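One letter stands for each residue in the lines below.
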Amino acid sequence: MAIKHILKLILKQKSIALLIILQIAITVMIVSNTVFISYATLQNWLIPSKLEEQQILNVTTRVFDTSVDVQSLIEKDIQAIENVPRVVAASYAGRELVLNSLGPGWTIFKDTQPETDYSVFGYFGLDEKGVDVLGLELVEGRRFYASEFIKGDEATKNAGVIMISDDLATSLFGDDSALGQTVYISRQRIPHQVVGVYKGKMLGEGATYNQQPYNSGVVPEVIWGNRQRANYLVRVEKGVSERVLEEVETALYHTNGRMVERVEFVARAKKRLWDGRSTFALTMAGISIIACVVTALGIIALVSFSVSLRKKDHGVLRALGASKGKVMWSLIKENTILVFIGLVLGFGLSILLYYFLMNNVRVQSVVEIPLLVGVAIFTWLVSTLAVYLPAKEAAKVSPAQVTKSS
Amino acid sequence: MKELILLAWQGLKQKPKLSALMVINLAVGITLMLTMSAIVKQSSSEVIGHKGDYLYTAGLNFFDSDQDVVDFNQFPRWTYQDAEALKQADLPYEHLSFNYTTEFIVGLADNSVRPISVEASGTDRDMFSVLDAPFIHGASWSEQSQQSGEAVAVISKNANDHLFGGANSVGQFIQVQGEQIQVVGVVDLSNYKRRFQDLSFSNNYNHDAFIPLNYAYAQNFPRTGQVSCRTDDLYTATNPRSGNIDMLKSAECGYLTVWFQYQKDMGAAHLAELKTWLNNYIANQQAVGRFQHNNLTDFYSMGELYILIQRFLAWEAIYLTFSYFLFGICLVNTVGILLAKFQANRKLISLYRALGANRGVIMKIHFLEILMLTVASVALGFVLAFAGLELMFHLRMYQADYMAFAEQVRQIYQFDGELALLTTIGIFLAVGISGLYPIYRSSRVSPAAELRG
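Sequences listed follow chains A and B, in order.
Sequential numbering of the first sequence, starting at 19, is according to this note's numbering.
Sequential numbering of the second sequence, starting at -17, is according to this note's numbering.
To be clear, the hints were calculated from the coordinates, so they are not data collected in a lab.
Where hints are given, some of them may not hold.
What the hints assert, rightly or not - The following label-pair restraints were derived from C-beta to C-beta distances:
no., chain 1, residue 1, chain 2, residue 2, range
1, A, Tyr406, B, Leu401, 36 to 42 Å
2, A, Thr84, B, Thr213, 29 to 35 Å
3, B, Asn202, A, His272, 37 to 43 Å
4, A, Thr134, B, Ala388, 42 to 48 Å
5, A, Pro66, B, Pro116, 49 to 55 Å
6, B, Glu400, A, Ser33, 44 to 50 Å
7, B, Ala326, A, Asn62, 49 to 55 Å
8, A, Phe374, B, Thr213, 34 to 40 Å
9, A, Leu60, B, Glu66, 36 to 42 Å
10, B, Thr213, A, Asp193, 33 to 39 Å
Given the structure is predicted, the values throughout are model-derived calculations rather than measurements.
Glycine included, every Cβ here is placed at the ideal spot set by N, Cα and C.
Produce the complete structure using the sequences and hints provided.
Structure below.
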């Protein structure tokens, strides 16, 4: 049937057409924004961590009894952890844990000028085994000398040397080599000399939030006393099951004056990074599915009604020689035109909602043309499927039956 | 009437697919709307909500004039010296209470249970009145213990369950940082959906211990809530979170949250007196160079705070808006389904008319039919909404990475009788109204006209 005819038919049943268009538009608005948000969340999820997420453990413990000798506790703990089967090595972790900053993020500067911009980075104070626990690969310079490692309580002076990731080196010094340069940590601008550069991994929580996931630095320091913490990073063999978490906890548990807060794979800390956003994306996805179902039901209902009103027309068509397929096809074409109008309207609404969400709720969302095309095709498919059922009924009308009266 | 119901039942069975379609369609819309509106309603209601217009908190801004301080969230907390000045002032109120949030590890001296890390509140006796705290054992500490900063504590039911297996622990001792603290009371705050006392509005955890401020100072328990100083340098120098307490007491670093509870009906008048006093106090202090900002004070009643925190609920508000949208669409669909259904029933209607049923009877039959379908939809909707709330609860726990007190979080994912009733009435009205046109249309079928073919 010619498009002109279909348009005429649509105009004849204006209100039904309008309702279908409106439903499509609102559904498109909801679905496309869900897709934008989910896509942005997925992009975060898909940032490669370059880490062996199931081979590194974060261990957080708190020493609450002030009379405990922390230094000997740390030594005993590391011994105990390394005695657990399939543990490769353990290091004290003085500042951040992997993807778990335990406080505000750290800043690093390339000089002491007040107006210099800083970079956010993951800041790790580790012992002799630290570099291997994290599996860092040297690109330039050297590892720490044994003499550079310092141990002590909060009053201990900083080691003054640092290994940084290649990404941090680039963000601070551009194409110049960072080796031998001095970098300044935190607002107090504590100077550290760069002795080595390693391949960047996703280590710092604050850095990742600041879209600089691979910025990090390691200092050869075992400094304790910071809010009673005694934390460790542990490397385990490949393919170790969750049971190792319990075994490590048990190894540390029987110490008086200290509690084990958490033993977890880095993978879990990484999951936590995006929890808020992924929950929003999941809920929106749920609402989208409901929107699609509701719209599909609506189209079924409205097309059923419109078909039942036009039973006679379809009978006439059949009597004039139209095949069943042709009758169905004309209904699908009719619906496609409505879907198209609804899509145009819906995309307009989507963009409005997108700006509303960006301005009023701090959500991450990206408008991408291929996503819109995907939503368009999906919406058309759902609506066509919905039309198919009543259309099949309509096509069943036998030619002779309808024409007999009046 | 019985006949009409029977006829309506017949009508239902006439087009079972369309009937099922209508029930599913409405139930989906109802589920989403009930789930989201329950969450939003529960999130923005509070156990002590009735104190909305006579419980106040106030902000006093000592920041430099170039700091951005537009609304209450950005206001610094009270400094020690300002809080002391306020306590000395002769002002009318029922309760004046200060608190700061801290964190420590609680165990027992005999190491018989595993120690737990708790968030606690350094506060005064008045806090329990402000909170209307339901004591299950014991009571608040005495005025004298408060003054002398004795080692006493009120602990939460949660902590009591963990440490003492739920037994009456009044008189027993807990151990914090090597010190013995005597338990004087146990409160059950699990009905409190949010921790409003330190303005964190956290739904994950409430305070698990309350200790007298003077004791907290003596032990220098760290200040882990919101803390800010007049300048960054001062912050670095004072280290207000865990630094020297005497230095903090004289520094311009704020960490205390204040509450004023007034007598009912006297709120406005007494608040005006507070404002006058504060203006005088500020004027005096300005003489010595403090308070240079152009936005110095702010006051919020409990009711206003709950309007303010709607802002944190932006996501929930979006879900709710969408759920209303979708319910609207479901109603439109209902009209479509009913039209299709009654259109298909024209022959039957025509027959009834021919047999003597007038338009009123036809309308009644159809109205009953819609009523039956709506009852079924609402029932299904409620069942699904329970599942929906459960799902949202688990999603929320997932979001908190299971680091939240489930019992407290669950408070938000619950039905509320009033809401359920109002929504049900609303649904019946909405469906009734949207059914009017199809009912009217179907009653226009002329007798016998449809019987020809």
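Results for each hint:
no.: 1; hint: A:Tyr406 / B:Leu401: 36 to 42 Å; result: holds, 39 Å
no.: 2; hint: A:Thr84 / B:Thr213: 29 to 35 Å; result: holds, 32 Å
no.: 3; hint: B:Asn202 / A:His272: 37 to 43 Å; result: violated, 29 Å
no.: 4; hint: A:Thr134 / B:Ala388: 42 to 48 Å; result: holds, 47 Å
no.: 5; hint: A:Pro66 / B:Pro116: 49 to 55 Å; result: holds, 51 Å
no.: 6; hint: B:Glu400 / A:Ser33: 44 to 50 Å; result: violated, 37 Å
no.: 7; hint: B:Ala326 / A:Asn62: 49 to 55 Å; result: holds, 51 Å
no.: 8; hint: A:Phe374 / B:Thr213: 34 to 40 Å; result: holds, 38 Å
no.: 9; hint: A:Leu60 / B:Glu66: 36 to 42 Å; result: violated, 53 Å
no.: 10; hint: B:Thr213 / A:Asp193: 33 to 39 Å; result: holds, 37 Å
Hint compliance for this structure: hints 3, 6, 9 are broken, all remaining hints hold.
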